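Protein chains: 4
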Amino acid sequence: MIIVLKRDATQEVIDHVVEKIKSTGLAVHISKGKERTIIGAIGDETLLSQISLEALPGVENVMPILKPYKLVSREFSKEGTVIDLQGVCIGDTAIQVIAGPCSVESKDSLIDCAKKVQAAGASILRGGAFKPRTSPYDFQGLGVEGLKLLAEAKKATGLPIISELMDPRDTEVICEYVDIIQIGARNMQNFRLLTEVGKAKKPVLLKRGLSATIKEFLMSAEYIAAQGNGNIILCERGIRTFETATRNTLDLSAVPVLKEETHLPIFIDPSHAVGRWNLVAPLAKAAIAVGADGLMIEVHPDPENALCDGAQSLKPSKFAILMEEMKKVAISVGRTL
Amino acid sequence: MIIVLKRDATQEVIDHVVEKIKSTGLAVHISKGKERTIIGAIGDETLLSQISLEALPGVENVMPILKPYKLVSREFSKEGTVIDLQGVCIGDTAIQVIAGPCSVESKDSLIDCAKKVQAAGASILRGGAFKPRTSPYDFQGLGVEGLKLLAEAKKATGLPIISELMDPRDTEVICEYVDIIQIGARNMQNFRLLTEVGKAKKPVLLKRGLSATIKEFLMSAEYIAAQGNGNIILCERGIRTFETATRNTLDLSAVPVLKEETHLPIFIDPSHAVGRWNLVAPLAKAAIAVGADGLMIEVHPDPENALCDGAQSLKPSKFAILMEEMKKVAISVGRTL
Amino acid sequence: MIIVLKRDATQEVIDHVVEKIKSTGLAVHISKGKERTIIGAIGDETLLSQISLEALPGVENVMPILKPYKLVSREFSKEGTVIDLQGVCIGDTAIQVIAGPCSVESKDSLIDCAKKVQAAGASILRGGAFKPRTSPYDFQGLGVEGLKLLAEAKKATGLPIISELMDPRDTEVICEYVDIIQIGARNMQNFRLLTEVGKAKKPVLLKRGLSATIKEFLMSAEYIAAQGNGNIILCERGIRTFETATRNTLDLSAVPVLKEETHLPIFIDPSHAVGRWNLVAPLAKAAIAVGADGLMIEVHPDPENALCDGAQSLKPSKFAILMEEMKKVAISVGRTL
Amino acid sequence: MIIVLKRDATQEVIDHVVEKIKSTGLAVHISKGKERTIIGAIGDETLLSQISLEALPGVENVMPILKPYKLVSREFSKEGTVIDLQGVCIGDTAIQVIAGPCSVESKDSLIDCAKKVQAAGASILRGGAFKPRTSPYDFQGLGVEGLKLLAEAKKATGLPIISELMDPRDTEVICEYVDIIQIGARNMQNFRLLTEVGKAKKPVLLKRGLSATIKEFLMSAEYIAAQGNGNIILCERGIRTFETATRNTLDLSAVPVLKEETHLPIFIDPSHAVGRWNLVAPLAKAAIAVGADGLMIEVHPDPENALCDGAQSLKPSKFAILMEEMKKVAISVGRTL
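Residue numbers (this note's numbering), protein chains in the order written: chain A, 10 to 346; chain B, 10 to 346; chain C, 10 to 346; chain D, 10 to 346.
Hints are supplied without guarantee of correctness; some may be wrong.
For chains that are exact copies, the list does not tell them apart, and a pair is met inside one copy or across any two.
To be verified - Quick list of in silico lysine to any residue cross-link-like pairs, SDA-like style, CA-CA up to 25 Å: (1) LYS76 / MET10; (2) LYS41 / GLU313; (3) LYS116 / LEU57; (4) LYS76 / GLU44; (5) LYS41 / VAL13; (6) LYS76 / THR143; (7) LYS327 / GLU21; (8) LYS41 / LEU57; (9) LYS41 / ILE74; (10) LYS327 / ARG16; (11) LYS79 / ARG16; (12) LYS210 / ARG178; (13) LYS43 / VAL27; (14) LYS324 / HIS25; (15) LYS79 / TYR146; (16) LYS324 / THR33; (17) LYS211 / PRO141; (18) LYS224 / ARG45.
Derived from the structure by calculation, the hints contain no laboratory data.
Keep in mind the model is a prediction, meaning the values are calculated, not measured.
Kindly produce the complete structure, drawing on both the sequences and the hints.
Written out as structure tokens, the structure is:
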């Protein structure tokens with residue numbers, strides 16, 4: 010930690026800051042420049058959270074040097090994490106595609122969709138049973154009934170399934186049915202939920218919050234890892250900016266930045282980012298070119314009548330064409346799909 | 010709802026859109042312009058959520074006309090909501106000030122702080138028992154023990170108390186102790202939590218999410234109101250922007266906008282918005298001038314040693330001076346404090 | 010234009026709005042819903058700029074239906090614009106790469122760089138002579154001397170050159186030397202400069218402003234086109250968001266959105282967007298996969314000693330490797346490079 | 010400047026960075042921590058702009074310690090700058106109000122407006138002669154003819170006048186007529202224009218760019234000051250965020266932050282920030298409470314027929330009421346108006 014003192018900091022001020030730092034067990038290194046005195050706190054920076062350095066008189070600025078995340082950092086593990094889901098390996102050379110409807114609506118429609126996305130090459134089936142909706146008056150999902158339908162679709166196709174968890178009280182029931190627990194963007198800093206899935210024995214796909222920095226995103230992953238669950242997939246799904254031409258702004262730069270910072274696999278959800286089906290294909294291909302380990306794409310057999318997010322859902326036929334196009338891009342960057 | 014069709018929309022396309030709208034029970038009004046055909050869907054717009062208008066072929070743009078919130082809207086109640094908290098009236102001419110430490114740390118320090126903020130004129134005591142922290146390695150609050158200390162501080166001073174709820178499983182226990190349940194910014198779209206506090210019989214202070222639009226903020230309030238709990242206080246606490254000179258950007262324009270849109274009282278939390286104690290005073294005064302019904306201000310007897318957010322906490326002596334200054338501004342805009 | 014009236018709008022209010030609209034020559038279409046009266050203004054919406062519809066009593070909301078840009082819109086020309094620069098065709102199947110140093114520093118270094126980027130496959134040479142710098146104390150470019158050096162590099166290699174114009178007074182001199190005039194992000198809404206380059210007979214590369222919406226971006230292009238110069242290349246170079254891990258957030262979604270909206274070619278500048286050389290390669294490949302018509306990449310023979318933006322400049326050897334990688338991605342999406 | 014090296018930085022890497030820093034004339038201070046080596050560059054940080062520290066191998070992060078602005082900084086002058094405009098003192102205890110129409114439209118309407126705002130207590134008259142408009146098809150201002158009308162209004166009322174400069178070629182002519190030159194938000198980083206007004210002998214009102222950080226805002230003021238013109242008024246007018254309920258988000262926190270950082274007076278323009286006349290009054294009062302030195306408010310005798318920004322213009326009668334209200338707030342915070 011670097012502590013920059015104000016220009017007119019007296020010796021008394023300096024001594025007080027030094028004493029405070031030492032009280033946490035860290036060592037101190039003082040550098041007097043022409044205009045400012047700078048104090049370096051050397052050692053485990055997390056110990057400094059016991060004191061409020063910014064609140065000390067004479068302190069102008071406090072700049073952390075070390076990363077606040079440990080377990081999920083690339084420094085912790087040079088090797089990338091590979092999650093083996095009954096043979097579907099996430100984080101390896103092969104790019105995995107999660108596909109399916111926004112919400113589970115009926116058995117027939119779900120199994121129909123599952124078979125079609127599987128035929129096109131998707132390796133994991135998605136479907137929302139518990140749905141976070143902006144309006145209390147919108148369809149909130151089928152709940153446990155939806156999870157049961159997902160299990161039937163899994164039985165029919167063999168595809169592993171992923172579904173979103175919104176409430177810590179549903180952790181146990183969701184673990185009975187799904188292969189990957191999804192934490193949605195709105196719950197990225199629902200710390201109690203993160204703690205619960207950290208205790209669960211299932212892989213977790215953690216979506217980036219709409220206004221979460223990459224650092225905060227990794228801190229939320231650290232919450233899960235700190236409970237002993239290291240099988241975490243990060244998923245960028247668009248951030249909130251001033252631009253309204255797309256629903257959110259897909260931050261593809263996050264992929265190479267995250268590849269530097271963490272050993273966890275990184276997925277991209279272009280459907281939620283753009284909000285319009287005809288923009289999904291170009292961004293899905295860009296996601297592969299930029300280095301993503303997988304994609305999550307909404308597919309619905311009948312988008313016009315979807316109970317949720319029809320505008321961003323691809324028809325199965327369009328999804329099949331996209332899969333072919335993505336395969337070519339994957340090969341061009343040395344991956345498979 | 011206004012549906013704008015693409016330039017080359019055929020009669021077949023128009024007929025299909027019209028048929029879809031009519032299938033929901035709404036009436037249709039067609040207007041053919043020189044360049045575009047526009048279809049108006051007349052009636053209850055929420056019925057349209059059963060279909061995906063944007064997914065229909067030939068649709069260029071869908072523009073809602075009516076507000077998506079009902080119960081919390083100014084149209085629903087011209088009169089402003091006043092919440093009577095054992096004589097402390099929120100939403101009335103008198104501006105109410107919530108003050109206290111970020112987190113409850115110890116009995117002595119809390120009661121000391123409570124007495125001092127009361128002496129300065131604060132009418133409600135705050136203190137975090139369950140703390141949402143970005144890092145899993147930071148102090149997470151004293152939990153139920155913290156709630157008990159708040160109850161003791163209430164006993165010692167008579168001040169009603171407010172504390173944050175993070176987990177639906179804690180709803181019952183928090184209701185035992187607090188007078189107002191706080192929902193934090195990171196949980197503004199934790200819809201399960203909103204539903205729980207909607208069922209509770211306590212007033213709720215709902216903080217605006219870091220990247221929530223005013224419309225989304227009101228939709229979250231609507232979640233609470235839809236469960237039967239109309240005693241909701243809205244609290245603006247800074248939004249996330251590109252500017253890093255302050256922790257967040259306090260959106261004071263939200264106050265007059267919300268006053269137009271809703272009958273609920275509106276508070277401002279300048280402490281969390283700016284993140285630095287020396288900026289709290291000018292923004293607190295501005296909050297009163299812009300028309301806020303109350304403030305939430307962090308006060309700590311010993312900011313240097315605060316376990317949380319020391320940099321933004323006022324010392325009790327500075328808080329007392331600020332209260333005097335705020336009183337003058339309140340009077341200048343026809344309010345009291 | 011759709012004008013939504015307030016709930017309690019009287020007949021007098023309606024009549025006044027109707028009369029105002031008719032005074033501009035447009036026709037009017039009234040639709041009375043259950044809760045709101047809506048007025049459609051039919052005809053050329055630009056005529057409505059003579060009046061302030063939002064200022065009329067009883068008006069709640071004004072929603073434009075038609076696009077405010079004409080000449081640059083896809084509706085104006087279904088065919089994409091192709092700019093032929095002495096055989097280098099921009100906007101065609103072949104992807105063009107502009108490369109070179111941020112600023113022109115010396116003859117030898119520039120010609121060395123030009124030869125190397127040409128050998129690697131770049132088809133246009135960039136180099137700043139007039140440099141917009143945040144600080145008045147930073148290197149401001151060599152000015153006309155820099156333009157002369159660019160001309161020498163062109164002579165030595167045959168590469169067409171591009172350089173930035175900052176001041177309308179330099180338009181004539183820059184036209185003497187360059188093949189493409191660049192308008193920088195900070196000048197995207199410098200309307201006088203846009204008007205000047207609109208009158209010039211040279212192609213213009215217009216960079217998107219840091220906080221410009223896609224609509225505003227196209228309106229700035231319209232300024233140029235309205236003066237008779239339709240040879241415009243749009244260039245996305247990162248927008249300003251809350252994320253600080255990269256210098257700006259590259260908005261690759263803008264490419265497919267712009268492809269829908271306009272017939273102009275679209276380039277991507279990953280170097281300025283990310284600000285770090287090691288992130289340039291993945292984003293350059295993503296730019297091709299998403300459908301960009303070209304790239305602008307900073308290359309410097311000695312980044313450590315660059316007078317400007319060394320951190321984001323690729324060494325020629327790394328650029329050559331990237332070009333090979335980009336070729337593969339180009340082929341995978343049916344383009345060449 | 011603090012240079013943080015990567016974890017695995019070798020002695021060779023350290024030596025290379027040290028040598029580079031020393032080559033600029035600065036001294037070096039090395040601190041080896043448990044995980045990272047940190048190098049402090051001691052002396053004039055601006056000298057480091059000759060090299061690209063971020064481009065050096067082994068460098069993880071570069072953190073400036075000193076402010077990049079000198080002449081405009083509070084450290085340069087503890088005393089606040091007061092600009093005396095023929096008796097109208099800007100930056101003193103008295104708050105000054107600039108009022109008038111968005112654009113100059115006709116002699117009668119302008120003089121009528123000038124008299125009315127003067128009667129209400131405004132001390133400076135605004136009016137746009139050169140208008141930056143997003144669309145090339147909108148009214149672009151009367152140009153020099155507009156400046157002449159402003160001069161007539163000044164003659165009729167004695168009010169000093171302010172008008173916007175968009176083009177360096179108009180600097181001379183605008184200096185003939187106006188008392189304060191306005192640089193608009195879109196030109197905040199039009200460095201050539203800043204340099205021109207830096208050479209002019211007139212006070213300058215510099216508006217903050219829509220997406221400019223406070224640091225960049227001050228760097229633009231430094232451009233003007235570096236040319237010898239220290240009579241600069243800073244004006245916050247709303248920044249671009251994700252929120253669309255107001256045209257921009259007025260950043261009132263900028264006022265106390267700027268008061269710490271600079272000795273220049275700070276104005277607020279609530280009209281452009283919010284874009285709706287009925288929100289202007291509460292934000293104008295908040296601006297005074299937060300500590301602004303002045304306000305810029307749009308007033309138009311006939312907003313419905315304004316050629317520009319009618320929706321945000323106050324009628325003179327409403328402006329007069331607001332002035333009375335603002336006086337009370339000014340007194341409550343120890344200022345006059």
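Here is how each hint holds up against the structure:
| no. | hint | in the structure |
| --- | --- | --- |
| 1 | LYS76 / MET10 | both (10 Å within a copy, 20 Å between copies) |
| 2 | LYS41 / GLU313 | between (67 Å within a copy, 24 Å between copies) |
| 3 | LYS116 / LEU57 | between (54 Å within a copy, 24 Å between copies) |
| 4 | LYS76 / GLU44 | between (28 Å within a copy, 11 Å between copies) |
| 5 | LYS41 / VAL13 | both (10 Å within a copy, 18 Å between copies) |
| 6 | LYS76 / THR143 | between (34 Å within a copy, 13 Å between copies) |
| 7 | LYS327 / GLU21 | between (70 Å within a copy, 23 Å between copies) |
| 8 | LYS41 / LEU57 | both (22 Å within a copy, 19 Å between copies) |
| 9 | LYS41 / ILE74 | both (19 Å within a copy, 12 Å between copies) |
| 10 | LYS327 / ARG16 | between (63 Å within a copy, 24 Å between copies) |
| 11 | LYS79 / ARG16 | between (34 Å within a copy, 14 Å between copies) |
| 12 | LYS210 / ARG178 | both (16 Å within a copy, 21 Å between copies) |
| 13 | LYS43 / VAL27 | both (20 Å within a copy, 18 Å between copies) |
| 14 | LYS324 / HIS25 | between (66 Å within a copy, 18 Å between copies) |
| 15 | LYS79 / TYR146 | between (42 Å within a copy, 10 Å between copies) |
| 16 | LYS324 / THR33 | between (59 Å within a copy, 23 Å between copies) |
| 17 | LYS211 / PRO141 | both (21 Å within a copy, 24 Å between copies) |
| 18 | LYS224 / ARG45 | between (29 Å within a copy, 19 Å between copies) |
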